[in-house]
Amino acid sequence: MWRANCRFATSASPPDLQGPNRAALRRRAFPPKVLDMPMVTFHKNGQTHRDEVQDRTNLVVRAGIRKFPFPHLHYNCGMGKCASCACRVIAGAEHLPAPNWKEKRQLGDRLAQGYRLACQLWLTHDIELSQDSDTPAANA
Amino acid sequence: MTELMNQNDFRSALEKAIQGKSANQSPFSIAWASGKLTRAHLARWAENHYHYVGPFADYLAAIYMRMPDHYTEAKDFLLANMYEEEIGGDRHTDLLIRFAEACGTTAERVRDPDNMSPTTRGLQSWCYAVAMREDPIVAVAGLVVGLESQVPSIYRKQTPTLRETYGFTDEEVEFFDLHIVSDEIHGERGYQIVLEHATTPELQQRCLKICEIGAQMRLLYTTALYNDYVAGELPLRDLGLAA
Chain B
1 MWRANCRFAT
11 SASPPDLQGP
21 NRAALRRRAF
31 PPKVLDMPMV
41 TFHKNGQTHR
51 DEVQDRTNLV
61 VRAGIRKFPF
71 PHLHYNCGMG
81 KCASCACRVI
91 AGAEHLPAPN
101 WKEKRQLGDR
111 LAQGYRLACQ
121 LWLTHDIELS
131 QDSDTPAANA
Chain Y
1001 MTELMNQNDF
1011 RSALEKAIQG
1021 KSANQSPFSI
1031 AWASGKLTRA
1041 HLARWAENHY
1051 HYVGPFADYL
1061 AAIYMRMPDH
1071 YTEAKDFLLA
1081 NMYEEEIGGD
1091 RHTDLLIRFA
1101 EACGTTAERV
1111 RDPDNMSPTT
1121 RGLQSWCYAV
1131 AMREDPIVAV
1141 AGLVVGLESQ
1151 VPSIYRKQTP
1161 TLRETYGFTD
1171 EEVEFFDLHI
1181 VSDEIHGERG
1191 YQIVLEHATT
1201 PELQQRCLKI
1211 CEIGAQMRLL
1221 YTTALYNDYV
1231 AGELPLRDLG
1241 LAA
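Chains as they are written, first to last, in this note's numbering: chain B, 1 to 140; chain Y, 1001 to 1243.
One or more hints might be untrue.
Unchecked claim - To give an idea of the interface, some chain Y residues facing chain B are shown, with a C-beta separation under 10 Å as derived from the structure: (1) Asp1076; (2) Glu1084; (3) Gly1088; (4) His1092; (5) Leu1095; (6) Glu1108; (7) Leu1178; (8) Val1181; (9) Ser1182; (10) Glu1184; (11) Glu1188; (12) Gln1192.
Said to hold, decoys possible - Derived EDC-like pairs (lysine to aspartate or glutamate); straight-line CA-CA distance at most 20 Å: (13) B:Lys67 <-> Y:Glu1212; (14) Y:Lys1209 <-> Y:Glu1134; (15) B:Lys67 <-> Y:Asp1076; (16) B:Lys81 <-> Y:Asp1170; (17) B:Lys81 <-> Y:Glu1172; (18) Y:Lys1157 <-> Y:Glu1015; (19) B:Lys81 <-> Y:Asp1094; (20) B:Lys104 <-> Y:Asp1090; (21) B:Lys102 <-> Y:Glu1196; (22) B:Lys81 <-> Y:Asp1069; (23) Y:Lys1209 <-> Y:Glu1003; (24) B:Lys67 <-> Y:Glu1073; (25) B:Lys81 <-> Y:Glu1086; (26) B:Lys102 <-> Y:Asp1094; (27) Y:Lys1209 <-> Y:Glu1015; (28) B:Lys104 <-> Y:Glu1172; (29) B:Lys81 <-> Y:Asp1090; (30) B:Lys104 <-> Y:Glu1015; (31) Y:Lys1016 <-> Y:Glu1212; (32) B:Lys102 <-> Y:Glu1003; (33) B:Lys104 <-> B:Asp36; (34) B:Lys44 <-> B:Asp126; (35) B:Lys102 <-> Y:Glu1171; (36) B:Lys81 <-> B:Glu94; (37) Y:Lys1075 <-> Y:Asp1135; (38) B:Lys44 <-> B:Glu128; (39) B:Lys102 <-> Y:Glu1172; (40) B:Lys102 <-> Y:Asp1090.
Hints were generated in silico from the structure; no laboratory data involved. Backbone N, C-alpha and C define an ideal beta-carbon position, used for all residues, glycine too.
Can you build the whole structure from these sequences, using the hints too?
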């Protein structure tokens, strides 16, 4: 994913916007385009779901408001207590913070297999995740 | 006459209405974040906070009952918030009591309504009144957007201090950890309901107004906590605030 020091890039200036108000007019005509939205690739039940999300998105929060990856991402408590939202990170793990105390407590040995609790992760980079099938808890 | 805002502009206006009176600005919050409270102060906070957030599912239930039956998703969102507050994982108030006990008070004292301040009683009463009397969309704006959605930003600032400065363990401060995720979900659901269903300029303006009032009520509550329990020992000048 493209990341530069500036968070936004604008389209090229149109030729007819000149003079002291040029910058303001350009902003109005060409609103900034966000280029650093993380791309989430989510595997579940043999299917792949993919979408961009806002920077610092929590996928359980998204599922909780019925946005992607709803209805595919299962979660239950939203507080790191049940591990229903556990996912295996296939790619992008290097951009995640170290597991916190809840993940260590809930996941134990599964951490070494690449599992993380989606409810404890705020995404800032592209990520590819897989959630095991037949999760007993259904989405709240 | 005020025009109907699109959802993006309306959301920005809601956020602005809350931000102006954010409880982060109160002396109690500033003292907390700068590590200047004692465990006794935090115990008084817990004894009050229980009576404000403890009935949150009750507030939501009153709104749920009056939400039009064809607003199915809005009703589902409220029900999900109630479930998660009470039985989705650990009951949120149980975790608050765990923190209170770590501060040196008891579950019995926390549950005793005689231990809340008059201002806390006023905040609780305001929440009940909004839930039972306001248009349900306006009530969601006031209680969920205006109050609950503020919580993640407050606790993100306060929780590291509880561990690093006050010396609490991870388990003792779990109440705060969970609310960073849980209230982000709840607050977002509130925004979805309000953005979707405040479909007239008049209703949008009422939502903005009650968000502003809700943020003022929370600021009032936290300011009173400072005045009632902290001011005698920690004057404003020690917090870098004008007396």
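Going through the hints against the structure:
1. Asp1076: Where the cut-off is 10 Å and the nearest Cβ of chain B is about 9 Å from Asp1076 of chain Y, the hint holds.
2. Glu1084: holds, 6 Å
3. Gly1088: holds, 5 Å
4. His1092: The hint holds - His1092 of chain Y has a Cβ within 10 Å of chain B, the shortest such distance being about 9 Å.
5. Leu1095: Interface hint status for Leu1095 of chain Y: holds (9 Å vs cutoff 10 Å).
6. Glu1108: Violated. Min distance 25 Å.
7. Leu1178: holds, 4 Å
8. Val1181: holds, 5 Å
9. Ser1182: With Cβ-Cβ at 5 Å, under 10 Å, it holds.
10. Glu1184: holds, 5 Å
11. Glu1188: holds, 5 Å
12. Gln1192: With Cβ-Cβ at 5 Å, under 10 Å, it holds.
13. B:Lys67 <-> Y:Glu1212: Cα-Cα ~28 Å, so violated.
14. Y:Lys1209 <-> Y:Glu1134: holds, 12 Å
15. B:Lys67 <-> Y:Asp1076: Distance of about 14 Å is within 20 Å: holds.
16. B:Lys81 <-> Y:Asp1170: Distance ~13 Å between Lys81 of chain B and Asp1170 of chain Y Cα, so the pair holds.
17. B:Lys81 <-> Y:Glu1172: holds, 15 Å
18. Y:Lys1157 <-> Y:Glu1015: Given that 20 Å is the threshold and the Cα spacing comes to 18 Å, the pair holds.
19. B:Lys81 <-> Y:Asp1094: holds, 14 Å
20. B:Lys104 <-> Y:Asp1090: holds, 18 Å
21. B:Lys102 <-> Y:Glu1196: violated, 35 Å
22. B:Lys81 <-> Y:Asp1069: Violated, at about 33 Å.
23. Y:Lys1209 <-> Y:Glu1003: holds, 16 Å
24. B:Lys67 <-> Y:Glu1073: holds, 12 Å
25. B:Lys81 <-> Y:Glu1086: holds, 14 Å
26. B:Lys102 <-> Y:Asp1094: Judged against 20 Å, a Cα distance of about 17 Å means the pair holds.
27. Y:Lys1209 <-> Y:Glu1015: holds, 12 Å
28. B:Lys104 <-> Y:Glu1172: Cα-Cα ~17 Å, so holds.
29. B:Lys81 <-> Y:Asp1090: Answer holds: Lys81 of chain B to Asp1090 of chain Y is near 8 Å, not above 20 Å.
30. B:Lys104 <-> Y:Glu1015: At roughly 35 Å apart (the allowed maximum being 20 Å), Glu1015 of chain Y and Lys104 of chain B break the hint.
31. Y:Lys1016 <-> Y:Glu1212: holds, 9 Å
32. B:Lys102 <-> Y:Glu1003: violated, 47 Å
33. B:Lys104 <-> B:Asp36: violated, 30 Å
34. B:Lys44 <-> B:Asp126: Roughly 18 Å between the alpha carbons, so the hint for Lys44 of chain B and Asp126 of chain B holds.
35. B:Lys102 <-> Y:Glu1171: holds, 9 Å
36. B:Lys81 <-> B:Glu94: The hint is violated at about 24 Å.
37. Y:Lys1075 <-> Y:Asp1135: holds, 14 Å
38. B:Lys44 <-> B:Glu128: holds, 11 Å
39. B:Lys102 <-> Y:Glu1172: This hinted pair holds, its Cα atoms lying about 13 Å apart.
40. B:Lys102 <-> Y:Asp1090: holds, 14 Å
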